[in-house]
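Trainee: Listed below, chain by chain, are the residues.
There are 2 protein chains.
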Amino acid sequence: MESLEKLFDPKSIAVIGASNQQGSVGFSMMKNLIGSGFRGTVYPVNPKRKSVLGIHCYTSILDVPSNIDLAIVATPAKIVPAIVKQCVEANTKSLIVVSSGFSEIGPEGAKLERELARILKGTGIRMLGPNCLGYIRPDKKINASFAIRNAMPGKMALISQSGALCSGILDWAQKKRVGFKYFISIGSMMDINFSDLIEFLQQDKEVESIAMYMESIKDADKFLKAAKRFSKRRPIIVAKSGRFEESAKAAISHTGSMAGNDEVFEAAFLRAGIVRIANIQDLLGAAEALAKQDLPKGKRVAVLTNAGGPGVMASDAIMRNMLSIAGLSRATMKSLEKEMPLHWSRGNPVDLLGDAGPELYDKALGILLKDKGIDGVVVILSPQAISKPLEVAKAVVKRAEKKRKPVLACWLGETFVEAGRKYLRENGIPCYRSPEEAVRAFSYMNAYREILGKLEQDNFPRPKEMQPDTKKIRAKINQYREKGRLVMTEIDSKKVLEEYGIPVNETLLARNAREAVKRARQIGFPVVLKVVSDEITHKSDAGGVALGLVKEREVEDSFKRITRNAKRAFPKARILGVNVQQMIPVGKAELILGKKTDSIFGPVIIFGSGGITTEILGDKTLELPPINKSLAGRMIRKTKISKLFLGPTARVKANVKELEDILVRFSHFAADFPEIEEVDVNPLIVSKGKFFAVDARIILSAR
Amino acid sequence: MESLEKLFDPKSIAVIGASNQQGSVGFSMMKNLIGSGFRGTVYPVNPKRKSVLGIHCYTSILDVPSNIDLAIVATPAKIVPAIVKQCVEANTKSLIVVSSGFSEIGPEGAKLERELARILKGTGIRMLGPNCLGYIRPDKKINASFAIRNAMPGKMALISQSGALCSGILDWAQKKRVGFKYFISIGSMMDINFSDLIEFLQQDKEVESIAMYMESIKDADKFLKAAKRFSKRRPIIVAKSGRFEESAKAAISHTGSMAGNDEVFEAAFLRAGIVRIANIQDLLGAAEALAKQDLPKGKRVAVLTNAGGPGVMASDAIMRNMLSIAGLSRATMKSLEKEMPLHWSRGNPVDLLGDAGPELYDKALGILLKDKGIDGVVVILSPQAISKPLEVAKAVVKRAEKKRKPVLACWLGETFVEAGRKYLRENGIPCYRSPEEAVRAFSYMNAYREILGKLEQDNFPRPKEMQPDTKKIRAKINQYREKGRLVMTEIDSKKVLEEYGIPVNETLLARNAREAVKRARQIGFPVVLKVVSDEITHKSDAGGVALGLVKEREVEDSFKRITRNAKRAFPKARILGVNVQQMIPVGKAELILGKKTDSIFGPVIIFGSGGITTEILGDKTLELPPINKSLAGRMIRKTKISKLFLGPTARVKANVKELEDILVRFSHFAADFPEIEEVDVNPLIVSKGKFFAVDARIILSAR
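Going line by line, the protein sequences match chains A and B.
For the first sequence, the working numbering gives the first residue as 1, with consecutive numbering after it.
For the second sequence, the working numbering gives the first residue as 1, with consecutive numbering after it.
Check before you lean on any hint, since a few could be wrong.
Copies of the same chain look alike in the list, so a pair counts if it works inside one copy or between any two.
What the hints assert, rightly or not - Below, in silico cross-link-like pairs of lysine to any residue (SDA-like), each with a Cα-Cα straight-line distance of 25 Å or less:
no.: 1; residue 1: K643; residue 2: G618
no.: 2; residue 1: K363; residue 2: G101
no.: 3; residue 1: K155; residue 2: G327
no.: 4; residue 1: K572; residue 2: A90
no.: 5; residue 1: K398; residue 2: A117
no.: 6; residue 1: K560; residue 2: L576
no.: 7; residue 1: K50; residue 2: A117
no.: 8; residue 1: K643; residue 2: S540
no.: 9; residue 1: K551; residue 2: E506
no.: 10; residue 1: K653; residue 2: S540
no.: 11; residue 1: K11; residue 2: K394
no.: 12; residue 1: K388; residue 2: N150
no.: 13; residue 1: K394; residue 2: G357
no.: 14; residue 1: K292; residue 2: D598
no.: 15; residue 1: K643; residue 2: R229
no.: 16; residue 1: K388; residue 2: Q22
no.: 17; residue 1: K422; residue 2: T470
no.: 18; residue 1: K338; residue 2: I105
no.: 19; residue 1: K643; residue 2: E263
no.: 20; residue 1: K653; residue 2: P571
no.: 21; residue 1: K292; residue 2: D661
no.: 22; residue 1: K338; residue 2: K372
no.: 23; residue 1: K121; residue 2: G453
no.: 24; residue 1: K78; residue 2: L342
no.: 25; residue 1: K334; residue 2: G101
no.: 26; residue 1: K551; residue 2: G524
no.: 27; residue 1: K31; residue 2: G357
Bear in mind the hints are in silico, worked out from the structure with no lab data behind them.
Bound conformation, chain A alone (with noise of 0.2 Å):
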């Protein structure tokens, strides 16, 4: 930590590869430097020349008259080494190395990672990069980046992964009058990464927002822990790309294929306290409301406008955007009929018509902000001859000021409206270019919202009625792996979900038609058969299931043809005999209960709809195990099949709350064996209103 406040604070810099070539990298970074008015001194570093800029250049760091807190390395990539083991001999206290050429042109480059790494160990030197634009920060007038324009100073951290990045955030953010506390580009993450700068973050109280480009991390239990709590307090904004990047693989299990890598992001994001927006461009805006205005107490908005068009496209917005249009309270309307226009338009959007003035709009936004059932009000401008975009720009200012409801802006248009706009951007009130944005806005803070109510309810109590055998089922694993087997029969994993309370049906193996004739009657009748093969993944489209079979003969008779369907369907297939199932009578509701491992989180737990419409439905939900009932309760609700079940459109008893306890079991079960890789519980159903696991997978890691 010492590292990084010298580092973000240093006294003493020295550019190593400055420049006095227009466009180098090293020219930039000490233009920049000594351009913005840092008050400690800048020492350019480069054996090939004599000044820079004008100031007397260093051969070598080792040379520098003077300790240095930050050392900037803008050489070629494969001398970066070598310049950073003179760093540590000179005692510096921090790096940031922009270089590129390392681990993301391939292994040639990784190799030098490596190398760099190696010199750096134990030293308690922190470096930033390799591959980054360096960083801004605007209050100490540093500009230690080779961006082509600077930052304005403000109270967002922005952290980018993208350097090329950094720069249109720039011009947006000049453009929208944001400015920054610190404006940082984090590149590969070799050492310093995103968990590193959020507990640095964590310190600075002045700081009242982060907003992050994302594309990966690489420290998954960090990250989540230092986001969560810094977003206790102030929030997390976060635009991730790559959402598609990585599609879901073909896999074994339904669950290995029903969740890409980013959907598991989301998951977690959700769970560390993280808003997450749609698209990059919604960044700023976004960090901007959350940062500059109070929170809102609930999703209902109220929508002031003077003109109809834009008034119904704030509505669908609100409507698209899972928030709710404000009914107005029966105060409010009398108030508005004696104040406004004879054709306002009655209700909300409250339209105050073409020739509202900055009075109207006073009165009107006071009158809104005083009803309890409006959590807060987007205020539109459509210019029109006699609009007086600024006058109205001050009066939603100074009536917005003393309550402690968001208020939030859009003025349509460009030049005509642009000094409103910049009006009310610099008077705390974020103003947007279309109705859509100004809403989208308000459901950034409402998601902000929402995600604090949930995080003070996050522990995880290992509920006490669960007493697995976790010794007994870790030498089923080893047995398993000892053989070189990875898929677990439905048996043994229904055991094993048995030993955590998973209800089960019960099932027993036959090896041949009379043995499944007396399981059949051990079991009671009806019965269901269904063939055994490690090799056999889907065991109806082979033929190799037989259901409701109600006599001895009918299991005779069903063993002998699912065996022979299941041998023509795959001839190389080891056919270990069929299982003798207690046949549950059919539920309306099929169900999936999963596991899958995330290279970056580990663990997932993913629940949905299940039986063969799994895949097509889409209908899932993922969290990151173990969850409480709380969570459990939510998986539920955001599934669509729970609509089933639960609320108005219910159908099918069932009770929730066993379900409930069937997902905290099951998430406990996902977090208690890393060697597990993938489980698929599959269909889970309800069947007089009680859940049975009819059919289970385990497969475990090959590692």
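Given chain A, work out where chain B should sit, using these hints.
Mentor: Quick look at chain B alone, frame taken from chain A:
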């Protein structure tokens, strides 16, 4: 049409209500007309003034010493009828009423509107408005509007139903350097509506595209015909709001509650060849791309960028918009390897790295445009110190000129790239602010291509084998009506469907237990019993259904049980008996087929996931009947449930050709009987590859 020609190309214009008072409509209108270089004559009319803007002012239009092609009325609503009467007397050729205070303010205004309509009836004079801004026609230097901004000349026609929005759009357009041939504020459409304008624009071959902002329409049939004719050659782009305005109301049938009016618009737009855009901000960008660029031949997009992050964002957007990331051919890879810098991305997105200059962009774009596997290119420039936004823009324009593939640009940032952006726009390459927007524009181009492909197939022969006895059906309908009954029994509903060749399972009414046994014997076991009562809508919920009865005794017992259940659940219901039906083995796919009657478009058919999950899943598709087999196939493929019997995920055998036939026949049925308000065939199940309507209900309109 003649009147419309005078309206949009007048030689003489009277402005009634012309005024010297700054900010008034009469002043703005005069100022816009006089200031903009119009070569005809403008006559201000106002009894209270001697002159307006220094021009002689007439007391009444009857005093104007010349024939008036266009009279613009900008007086208070109350005197508009009297004014218009004078215009008729003065033999005015066309009218614009900009005044508000008509139907939009309620019954009082609606009355005025009816009066206006009466005055104009039979005169041949067409009227734009009321409650509109007027129009602008830059090529003739006519600004007959009170908009605060003028339009630049161009080849797009814009029609906006929101006057307030016009100024905002004009402001955006100026910024984006988008020009217009016509810019029309359509207002309340008392007379001239969308179809009239589209027909008028059809004749102007200079118009390259129509962009519309729409809230609703009044003339569904004419609109669809006019739009379809236009869109066969030139694109129509619409931003329609009110998407969530009229939510689907609670209705007796599933079908009725499944689709709101906006979804019917969506289906109608597709049939008319109209491209609908997601939000108003895309309107100009989409229209620009469609007008200025050649249509892509497919949906494979290549991305050319100088930065990784924006490339990833473009890829995300490509996937999100259902386009595809083009693979690079071997020849392309070879050429790029030769020309590109060492560490280029070696794939699509083609990342030229941060120091890419105009030459590199030029070479790479040339290579990509040659690749037959690429249907269009999105070129991104992310500003870096050494970037040359204007030079790269010039290179892109030059290179793109000769190729008949779309090239869209995204120059990230603001001031730094402004000149490059302007150059691109002025030279036929639409340029956007974010990769997301550029990709969305491509997706609209692709949507238009796909729509065009389908427009060709639009013919609807009645299937020859279908020979319904429509007289018999009409007689049955009348019977019901005479008794004041609007809900047909299941048996009658199925009989009607059978006339149209929709397969149903055999269903017979039984009034008592003994009759039920007799019917069951007739049909053959196993059978299903369902209670019959006009008052009971959801029979299963009332315990009024018994499935899988295999013995006479079971039928007898079940009759008693389910009628008792039904009476208990609905004590006031009149129970007419039970339906005895052939039991179709439970299918894995439950579908719904339905008709509803839309207030604007009339009959609509719906197909999708049925059974008890109908409303929960919302997996459905709409069409306007009648349809042909090709449209039927499209409807089927659009649903998720179809993947159960189509394509690689198919698990259920089904004759899809037969399903197409059923949809086509059902669509003719839906079109043939306007007296039928709603139809519900739910579920339509597939069993052993064949389809059966297992339950059905026809609801007559109250009329």
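Trainee: How do K560 and L576 come out at 25 Å by Cα distance, when the copy is not named: within, between, both, or neither?
Mentor: within (13 Å within a copy, 48 Å between copies)
Trainee: Please work out whether the CA atoms of K551 and E506 approach to 25 Å or closer within one copy, between two copies, in both situations, or in neither?
Mentor: Within. Shortest intra-copy distance 18 Å satisfies the 25 Å Cα cut-off; inter-copy 30 Å does not.
Trainee: Regarding K121 and G453, is the shortest C-alpha distance of 25 Å or less found within a copy, between copies, in both, or in neither?
Mentor: The answer is neither: 41 Å in one copy and 62 Å across copies each exceed 25 Å.
Trainee: Under a CA distance limit of 25 Å, which applies to K31 and G357: within one copy, between copies, both, or neither?
Mentor: Between copies only: 22 Å across chains, 48 Å inside a chain, cut-off 25 Å.
Trainee: Between copies, within a copy, both or neither: which fits K155 and G327 at Cα up to 25 Å?
Mentor: neither (35 Å within a copy, 43 Å between copies)
Trainee: Classify it for me, K388 with Q22: is the Cα-Cα distance of at most 25 Å met within a copy, between copies, both or neither?
Mentor: between (46 Å within a copy, 13 Å between copies)
Trainee: How would you label the pair K334, G101 (within, between, both, or neither) given a Cα cut-off of 25 Å?
Mentor: between (68 Å within a copy, 23 Å between copies)
Trainee: Tell me, please, which holds for K643 and G618 at an alpha-carbon limit of 25 Å: within, between, both or neither?
Mentor: Both. Shortest intra-copy (15 Å) and inter-copy (12 Å) distances satisfy the 25 Å Cα cut-off.
Trainee: Checking an output row: K292 and D598, CA cutoff 25 Å. Within, between, both or neither?
Mentor: neither (36 Å within a copy, 45 Å between copies)
Trainee: Cα distance capped at 25 Å. Does K653 pair with S540 within a copy, between copies, both, or neither?
Mentor: Answer is between: at 13 Å across copies they meet the 25 Å cutoff, but 27 Å inside does not.
Trainee: At most 25 Å between alpha carbons: which applies to K643 and S540, within, between, both or neither?
Mentor: between (28 Å within a copy, 17 Å between copies)
Trainee: Pop the pair K551 and G524 into one bin, within, between, both or neither, using alpha-carbon distances up to 25 Å.
Mentor: Both: 10 Å inside a copy, 23 Å across copies.
Hint compliance for this structure: hints 3, 4, 5, 7, 11, 14, 15, 17, 21 and 23 are not met, and every other hint is.
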